[in-house]
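Q: Hey, can you work out the whole structure from these sequences and the hints?
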Amino acid sequence: MQIHKYDTVIVGAGGAGMRAAIEATKRSRTAVLTKLYPTRSHTGAAQGGMAAALANVEEDNWEWHTFDTIKGGDYLVDQDAAEILAKEAIDAVLDLEKMGLPFNRTPEGRIDQRRFGGHTRNHGEAAVRRSCYAADRTGHMILQTLYQNCVKEGVEFFNEFYVLDLLLAEVDGVKRTAGVVAYELATGEIHVFQAKAVIFASGGNGKFYKVTSNAHTLTGDGQAAAWRRGLPLEDMEFFQFHPTGIWRMGILLTEGARGEGGILRNKDGERFMERYAPVMKDLASRDVVSRAIYTEIREGRGCGPEGDHVYLDLTHLPPEQLDAKLPDITEFARTYLGIEPYTDPVPIQPTAHYAMGGIPTNVQGEVLTDNTTVVPGLYAAGEVACVSVHGANRLGTNSLLDINVFGRRSGIAAAEYAATHDFVELPENPDSLVVELVERMRDANGGERVTDIRKALQETMDANAMVFRTEQTLKQAVSDIAALKVRYKSISVQDKGKRYNTDLLEAVELGNLLDLAEVLAVSALARKESRGGHYREDYPTRDDVNFMRHTMAYREVGEDGEESIRLDYKPVVQTRYQPMERKY
Amino acid sequence: MSTTTVESKHSAALDAAETGDAHLITVTLRVRRFNPEVSDQVVWVDYEMQMDPKERVLDALHKIKWELDGTLTFRRSCAHGICGSDAMRINGRNRLACKTLLKDINPEKPITVEPIKGLTVLKDLVVDMEPFFQAFRDVMPFLVTKGNEPTRERLQSAEDRARFDDTTKCILCAACTSSCPVFWNDGQYFGPAAIVNAHRFIFDSRDEAGEQRLEILNDRDGVWRCRTTFNCTDACPRGIEVTKAIQEVKRALLTRRF
Amino acid sequence: MSAETHNPVDAADAADGGVTPFGPDNPAPFIEPPRARTKRTPRATRTNFEMYGWLFMRLSGIVLVVLVLGHLLIQLVLDGGVSKIGFAFVAGRWANPFWQLWDLAMLWLAMLHGANGLRTVINDYAERDVTRTWLKWLLYAATVFTVLLGTLVIFTFDPNIQ
Amino acid sequence: MPAGTLYRGREGMWSWVAHRVTGVLIFFFLFVHVLDTALVRVSPQDYDKVVATYKNPVVNLMEYGLVAAILFHALNGLRVIAVDFWSKGPKYQRQMLWSVVGIWVVLMAGAFYPVLQHSLHDLFGS
Ligand SMILES: Cc1cc2nc3c(=O)[nH]c(=O)nc-3n(C[C@H](O)[C@H](O)[C@H](O)COP(=O)(O)OP(=O)(O)OC[C@H]3O[C@@H](n4cnc5c(N)ncnc54)[C@H](O)[C@@H]3O)c2cc1C
Ligand code: HEM
Ligand code: SF4
Ligand code: F3S
Ligand code: FES
Numbered sequence: 152m153q154i155h156k157y158d159t160v161i162v163g164a165g166g167a168g169m170r171a172a173i174e175a176t177k178r179s180r181t182a183v184l185t186k187l188y189p190t191r192s193h194t195g196a197a198q199g200g201m202a203a204a205l206a207n208v209e210e211d212n213w214e215w216h217t218f219d220t221i222k223g224g225d226y227l228v229d230q231d232a233a234e235i236l237a238k239e240a241i242d243a244v245l246d247l248e249k250m251g252l253p254f255n256r257t258p259e260g261r262i263d264q265r266r267f268g269g270h271t272r273n274h275g276e277a278a279v280r281r282s283c284y285a286a287d288r289t290g291h292m293i294l295q296t297l298y299q300n301c302v303k304e305g306v307e308f309f310n311e312f313y314v315l316d317l318l319l320a321e322v323d324g325v326k327r328t329a330g331v332v333a334y335e336l337a338t339g340e341i342h343v344f345q346a347k348a349v350i351f352a353s354g355g356n357g358k359f360y361k362v363t364s365n366a367h368t369l370t371g372d373g374q375a376a377a378w379r380r381g382l383p384l385e386d387m388e389f390f391q392f393h394p395t396g397i398w399r400m401g402i403l404l405t406e407g408a409r410g411e412g413g414i415l416r417n418k419d420g421e422r423f424m425e426r427y428a429p430v431m432k433d434l435a436s437r438d439v440v441s442r443a444i445y446t447e448i449r450e451g452r453g454c455g456p457e458g459d460h461v462y463l464d465l466t467h468l469p470p471e472q473l474d475a476k477l478p479d480i481t482e483f484a485r486t487y488l489g490i491e492p493y494t495d496p497v498p499i500q501p502t503a504h505y506a507m508g509g510i511p512t513n514v515q516g517e518v519l520t521d522n523t524t525v526v527p528g529l530y531a532a533g534e535v536a537c538v539s540v541h542g543a544n545r546l547g548t549n550s551l552l553d554i555n556v557f558g559r560r561s562g563i564a565a566a567e568y569a570a571t572h573d574f575v576e577l578p579e580n581p582d583s584l585v586v587e588l589v590e591r592m593r594d595a596n597g598g599e600r601v602t603d604i605r606k607a608l609q610e611t612m613d614a615n616a617m618v619f620r621t622e623q624t625l626k627q628a629v630s631d632i633a634a635l636k637v638r639y640k641s642i643s644v645q646d647k648g649k650r651y652n653t654d655l656l657e658a659v660e661l662g663n664l665l666d667l668a669e670v671l672a673v674s675a676l677a678r679k680e681s682r683g684g685h686y687r688e689d690y691p692t693r694d695d696v697n698f699m700r701h702t703m704a705y706r707e708v709g710e711d712g713e714e715s716i717r718l719d720y721k722p723v724v725q726t727r728y729q730p731m732e733r734k735y
Numbered sequence: 014m015s016t017t018t019v020e021s022k023h024s025a026a027l028d029a030a031e032t033g034d035a036h037l038i039t040v041t042l043r044v045r046r047f048n049p050e051v052s053d054q055v056v057w058v059d060y061e062m063q064m065d066p067k068e069r070v071l072d073a074l075h076k077i078k079w080e081l082d083g084t085l086t087f088r089r090s091c092a093h094g095i096c097g098s099d100a101m102r103i104n105g106r107n108r109l110a111c112k113t114l115l116k117d118i119n120p121e122k123p124i125t126v127e128p129i130k131g132l133t134v135l136k137d138l139v140v141d142m143e144p145f146f147q148a149f150r151d152v153m154p155f156l157v158t159k160g161n162e163p164t165r166e167r168l169q170s171a172e173d174r175a176r177f178d179d180t181t182k183c184i185l186c187a188a189c190t191s192s193c194p195v196f197w198n199d200g201q202y203f204g205p206a207a208i209v210n211a212h213r214f215i216f217d218s219r220d221e222a223g224e225q226r227l228e229i230l231n232d233r234d235g236v237w238r239c240r241t242t243f244n245c246t247d248a249c250p251r252g253i254e255v256t257k258a259i260q261e262v263k264r265a266l267l268t269r270r271f
Numbered sequence: 088m089s090a091e092t093h094n095p096v097d098a099a100d101a102a103d104g105g106v107t108p109f110g111p112d113n114p115a116p117f118i119e120p121p122r123a124r125t126k127r128t129p130r131a132t133r134t135n136f137e138m139y140g141w142l143f144m145r146l147s148g149i150v151l152v153v154l155v156l157g158h159l160l161i162q163l164v165l166d167g168g169v170s171k172i173g174f175a176f177v178a179g180r181w182a183n184p185f186w187q188l189w190d191l192a193m194l195w196l197a198m199l200h201g202a203n204g205l206r207t208v209i210n211d212y213a214e215r216d217v218t219r220t221w222l223k224w225l226l227y228a229a230t231v232f233t234v235l236l237g238t239l240v241i242f243t244f245d246p247n248i249q
Numbered sequence: 034m035p036a037g038t039l040y041r042g043r044e045g046m047w048s049w050v051a052h053r054v055t056g057v058l059i060f061f062f063l064f065v066h067v068l069d070t071a072l073v074r075v076s077p078q079d080y081d082k083v084v085a086t087y088k089n090p091v092v093n094l095m096e097y098g099l100v101a102a103i104l105f106h107a108l109n110g111l112r113v114i115a116v117d118f119w120s121k122g123p124k125y126q127r128q129m130l131w132s133v134v135g136i137w138v139v140l141m142a143g144a145f146y147p148v149l150q151h152s153l154h155d156l157f158g159s
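Residue numbers (this note's numbering), protein chains in the order written: chain A, 152 to 735; chain B, 14 to 271; chain C, 88 to 249; chain D, 34 to 159.
Cβ pair distances, simulated, as ranges:
#1 Ser218(B) - Asp689(A): 52 to 62 angstroms
#2 Pro469(A) - Tyr125(D): 20 to 30 angstroms
#3 Arg215(C) - Glu221(B): 37 to 47 angstroms
#4 Ala35(B) - Tyr125(D): 38 to 48 angstroms
Here's a subset of chain C near chain B, in silico, CB distances under 10 angstroms, partners left out:
#5 Arg124
#6 Thr134
#7 Asn210
Hints listed in this document are in silico derivations from the structure and should not be mistaken for laboratory results.
Owing to the predicted nature of the structure, the values given are computational and were not obtained by experimental measurement.
Every residue, glycine too, gets a C-beta built ideally from N, C-alpha and C.
A: This is how it looks when you write it as structure tokens:
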């Protein structure tokens with residue numbers, strides 16, 4: 152075991168982590184621990200753009216953006232946070248530009264903007280051009296630009312370090328942050344990082360679905376580490392399904408494709424979105440479009456021999472426009488499907504995309520241990536966190552915004568906290584949980600294969616906790632997951648070595664996925680209404696009387712060591728927008 | 014060559030998505046393996062399995078790891094050519110495993126898979142990326158400006174933006190650098206990836222440190238070592254015209270001098 | 088998994104003819120490339136030498152196309168090819184200062200071009216610094232010797248040597 | 034083959050390999066050639082004696098090889114220069130290489146008789 156001491160430790164080097172690092176490094180001695188080389192983070196996969204009411208191409212203002220965010224989140228959004236998001240969006244984009252991000256430009260040389268789902272002028276009148284973009288590689292450019300600036304600022308990275316545990320210590324009856332424990336992939340060594348402030352920015356957890364746009368490495372390690380240490384998880388039942396993933400593979404085709412004029416069609420060639428969202432049509436918000444696609448498929452209007460997908464039609468767009476604005480996704484279609492999007496429609500299906508829920512935080516990024524109490528020194532930002540600016544459904548382009556706005560905020564807040572506080576003493580044997588976990592995994596010699604359990608988990612999640620849910624499917628999911636957790640106890644890990652033991656880590660990651668999937672299913676089962684990304688066929692309407700509140704899930708360990716999940720609720724912060732019916 | 018063979022019947026779970034398995038073919042992956050915890054020797058191991066020809070080499074590697082031999086080690090993340098984790102040498106050429114479909118590389122014959130060249134092999138397909146990133150860091154890969162920040166964005170015409178578009182696409186996968194014959198023997202060379210990333214800023218109209226970057230690349234291990242072998246351009250999974258970018262840097266150095 | 092499954096671990100053992108001395112706590116050395124970049128590598132050799140060298144290769148190349156191909160044409164192709172060559176032929180040619188200059192230019196350019204090219208080759212392939220230094224000095228010595236010798240011959244050529 | 038397979042580079046890589054090999058070859062030839070020419074300073078007889086060996090069919094054939102090497106190196110050198118200085122060079126490098134090879138084949142065919150005529154006469158009479 153090695154012990155390191157830093158003022159601020161950031162877990163994760165995606166957009167949120169590196170945005171925080173740039174601020175924190177200037178103000179405190181900072182280390183960034185990341186399980187992937189920074190530029191391998193999944194922020195790089197984001198395509199469409201980053202919202203900000205710059206009003207560079209048409210009239211716009213941040214209040215409209217706030218409204219769209221709240222409405223898009225089906226009013227489960229904390230409105231104070233949404234206001235901050237929309238207001239600080241403008242500077243967030245301008246900051247990135249000044250750091251060198253190569254945005255697409257208007258003829259006047261300003262940052263160009265395009266339309267995106269759910270972003271409207273004047274509270275829903277018509278689509279507005281609010282998304283700042285760099286072709287269909289906005290996330291790539293953000294990730295590269297942030298990494299470049301980390302190099303410039305001399306940020307200290309620990310690459311391929313897996314954070315497996317969070318250290319909290321009780322001081323005067325208050326739970327405070329002491330540091331984190333990481334496993335070094337290259338050597339198998341365990342490192343304890345003592346820190347005054349810790350920021351979790353470890354990204355999403357979409358890998359418990361089979362068809363997903365998420366990377367293999369998005370396994371919710373951060374959420375799970377917090378969960379294991381008794382911190383709550385908020386709104387985990389809200390998972391976004393993006394309407395246009397490549398059929399069967401789940402690789403994302405950005406909403407920007409529809410922003411540029413792409414159209415969804417069923418097997419009769421009908422532009423079916425006109426029936427579901429007369430005003431916004433194909434650019435309605437994601438939950439609406441995903442449900443529409445599945446409704447078409449269920450009612451027999453899906454395409455292909457099995458009628459299990461629909462088409463994204465770009466053929467009416469000029470090839471030059473596709474080359475200039477959507478070069479990457481057209482290449483995906485060519486590479487992975489052998490389809491030429493100039494002339495042929497692309498088969499798509501909804502794909503699991505984004506976790507709206509996560510570790511609850513306030514607008515400074517401080518992590519909450521219940522509805523109101525913060526854990527001193529602990530912060531979270533990005534997809535791992537739930538501020539909550541996305542509520543029940545995130546608007547496209549609001550996440551790249553989220554990671555920049557709240558990444559920056561948490562970076563500043565954490566460094567300032569570190570400047571004014573002392574180290575908390577490490578608990579005795581700080582590495583014990585990780586040592587135990589790693590030893591157990593390395594020695595695992597049961598009869599179960601990690602692959603089989605992971606596949607079974609993904610199958611049950613796709614079948615039972617996807618776009619449409621019912622009491623029955625969710626119960627099925629809960630019991631399937633419980634059974635899988637039992638099987639997980641007797642897995643085997645083949646690689647017994649220390650160096651680059653990815654076999655072992657995949658087993659650990661599966662454990663995280665199982666925990667989080669369970670939270671999702673249990674939370675979803677209790678939410679007997681339909682809201683945003685959570686659609687219950689047995690409760691198809693929104694129920695503001697009973698469920699206008701955030702779910703807070705807690706891990707309880709009984710006397711007998713038996714684990715269970717306790718659900719609690721947290722009120723939604725409403726400032727100026729009253730819930731209305733959501734129509735596009 | 015010591016070659017062992019591992020075989021698998023295809024798993025039912027994987028093709029649950031497909032109807033029937035008539036389309037499945039038998040492929041052999043011949044993987045160059047090295048595990049310092051076991052031996053100082055490299056071994057080639059053959060893995061035989063049933064795959065859909067439309068699947069990726071990465072899928073085949075996963076199948077080995079998940080069903081045949083959990084000790085096989087490689088990096089990967091996004092699985093669609095965007096994160097740059099899985100550059101490796103497939104059938105003798107650098108490619109991303111997640112962007113190479115089996116049907117495109119003649120699956121009739123054994124498909125060879127080896128780590129990229131010129132970097133220390135740590136285990137199986139995992140190489141030490143540090144020297145690669147060191148070269149990247151050495152070229153000042155960030156925007157440098159002087160004077161006061163404007164309140165709004167810096168203006169840049171669409172043409173000026175287009176000037177360096179090609180080199181902004183780089184995902185730092187190292188496929189180019191590790192395909193370069195100069196780099197294989199002399200890892201001191203900055204390598205194409207670092208030059209690509211310098212190019213991205215040298216030709217950015219907003220940047221004001223082009224001169225310094227050019228001076229860095231004027232070094233003994235800089236652009237002049239490039240022998241225009243085009244391996245880098247052929248290898249780049251993002252379709253960046255790497256050699257062209259290098260030539261533009263060389264010419265910028267010359268015109269600066271004369 | 089079929090019955091013939093081999094664990095590559097066994098395979099490696101077999102390759103080594105039994106149990107290897109290596110293990111998780113005692114790993115074998117990694118497979119290193121010939122040389123690797125380190126933090127210290129960029130020693131900022133702030134001269135334009137490499138650039139001039141590069142430029143020289145191109146410029147001398149262009150001139151050499153004329154000189155060498157012309158030379159080959161005369162020596163090997165025209166007037167009965169190689170069979171005509173002899174002391175008398177050389178004497179005849181060098182009687183004309185034009186040809187003297189031609190050959191002198193060709194000698195210098197080709198030798199410098201070739202030597203600089205070989206310097207690159209040595210830089211690329213010599214793995215150890217000592218080897219590199221030695222090979223380069225050898226190259227420079229051979230080059231200087233050849234160029235001087237050639238120049239001497241051209242200028243001091245005496246058709247009536249006997 | 035425990036180490037690794039050969040890198041399967043394409044035209045660009047192989048043309049560079051050929052360029053390098055021919056360059057080194059020519060350099061060593063040039064070195065020898067200057068030495069033998071230096072004999073003209075020593076004595077015409079010695080010079081003629083050495084030159085006579087050039088007229089030997091085997092050496093003559095090597096001479097043809099040398100011409101091949103120089104021609105390729107020169108033509109490809111021009112291609113490299115085009116890649117360096119012509120902005121579209123990198124794009125057309127492959128086409129240029131095949132042109133180089135084409136011209137090279139034609140020139141080599143053309144040089145076949147002139148260079149080897151002497152040996153041909155010797156061997157097969159006139
Ligand atoms: C295909 C795709 C397209 C998208 N397009 C858009 C878009 O157009 N607009 C938009 O606004 N949003 C988009 N999103 C959403 C958005 O990209 C993500 O939500 C956002 O990038 C998440 O950033 P992050 O920094 O939180 O996490 P990530 O970028 O995922 O980074 C996570 C980091 O945490 C590290 N990490 C994880 N676990 C550990 C651990 N145990 N120990 C140490 N480090 C760890 C990883 O190494 C990584 O560096 C898209 C998402 C996807 C998947
Ligand atoms: C006839 C006309 C010639 C032309 C047009 C020519 C052109 C070139 C060029 C452009 C290069 C640089 C290649 C690069 O940087 O990648 C080069 C390299 C070289 N040339 Fe020539 N050259 C000619 C004649 C010669 C001669 C006569 C010799 C031998 C003395 C020679 C030996 C070399 C060598 C050794 C190299 C280095 C090869 C390498 O680094 O790969 N060349 N030549
Ligand atoms: S230039 Fe291309 S090959 Fe090289 S690192 Fe960048 S993306 Fe990879
Ligand atoms: S492979 Fe190397 S030699 Fe130049 S053209 Fe590319 S850098
Ligand atoms: S896995 Fe991301 S590039 Fe291949």
